[in-house]
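Once you have looked at the hints, place chain V on chain S.
There are 2 protein chains.
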Amino acid sequence: MPLDAEIAARLKRGGDGLVPAIVQQHDTGEVLMLAWMDDEALHRTLTTGRATYWSRSRQEYWVKGDTSGHVQYVREVALDCDGDTLLLRVDQVGAACHTGDRTCFDADRLPAVQGAAPEHAEP
Amino acid sequence: MPLDAEIAARLKRGGDGLVPAIVQQHDTGEVLMLAWMDDEALHRTLTTGRATYWSRSRQEYWVKGDTSGHVQYVREVALDCDGDTLLLRVDQVGAACHTGDRTCFDADRLPAVQGAAPEHAEP
Chain S
1 MPLDAEIAAR
11 LKRGGDGLVP
21 AIVQQHDTGE
31 VLMLAWMDDE
41 ALHRTLTTGR
51 ATYWSRSRQE
61 YWVKGDTSGH
71 VQYVREVALD
81 CDGDTLLLRV
91 DQVGAACHTG
101 DRTCFDADRL
111 PAVQGAAPEH
121 AEP
Chain V
1 MPLDAEIAAR
11 LKRGGDGLVP
21 AIVQQHDTGE
31 VLMLAWMDDE
41 ALHRTLTTGR
51 ATYWSRSRQE
61 YWVKGDTSGH
71 VQYVREVALD
81 CDGDTLLLRV
91 DQVGAACHTG
101 DRTCFDADRL
111 PAVQGAAPEH
121 AEP
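Chains as they are written, first to last, in the numbering used here: chain S, 1 to 123; chain V, 1 to 123.
Chain S on its own, in the form it takes in the complex:
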């Protein structure tokens, strides 16, 4: 059974047929990782409750946690205003990152100037 036709009609895929999926821990709000889905990966994610992606490096479906035990249980899935990005809210078991870090964004902070609203701006 393929992805629901009404959802498929709203998805805007990249040239490779994939849509980026942002993965967020549902209760803490941590952004855990970004992965990629085709229609079938989204279908499996929506119908099984287990986050399932398309691995661009291995060119195969990938049920998060099947190898590592670091399962992502799906809580919510949202499509963005343009239909070209997904947001998964999940319950992450253990580390989301293959390095063992909780998130894929823990290790490499870039030096950035902090922006701020003008202090004496008129409303």
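Incomplete in silico selection of chain S near chain V, CB under 7 Å:
1. Pro20
2. Ile22
3. Gln24
4. Gly29
5. Leu46
6. Arg50
7. Tyr73
8. Leu79
9. Cys97
10. Thr99
11. Cys104
12. Phe105
13. Arg109
14. Ala112
15. Val113
16. Gln114
Coverage of chain V stretches by chain S, computed from C-beta distances (three or more under 8 Å per stretch; other residues unrestricted):
17. 72-78
18. 97-103
Don't read these hints as lab results, they were simulated from the structure. A quick note: this is a predicted structure, and the numbers were derived from the prediction, not measured. The C-beta atom is built at its ideal place from N, Cα and C for all residues, glycine as well.
Leaving out everything else, chain V in the frame of chain S:
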């Protein structure tokens, strides 16, 4: 002045030269939107404190809020473990979404089976 060479060497760009940037409200954890950066957009973002993207539809740089007033002041920028995704933590003025919604993921929740850990699983 181009993007710092050491950062540029770690960036893994897609075929179009772009890297996805997840944008998160720094204090609430809300995922606001996903946008795209090339090296120059990342350089401007890191050095000006204003989130700056490459618009794939308009094929031009886009300083978030220049037209709408809905500025994103940069608080932190992180690169993920693979060097192919950015996470921006920002202070978002007003709505992040062009529809007027606070985030680009507010409007379109997809029907999803919720996953759950087995209730009687052994530890």
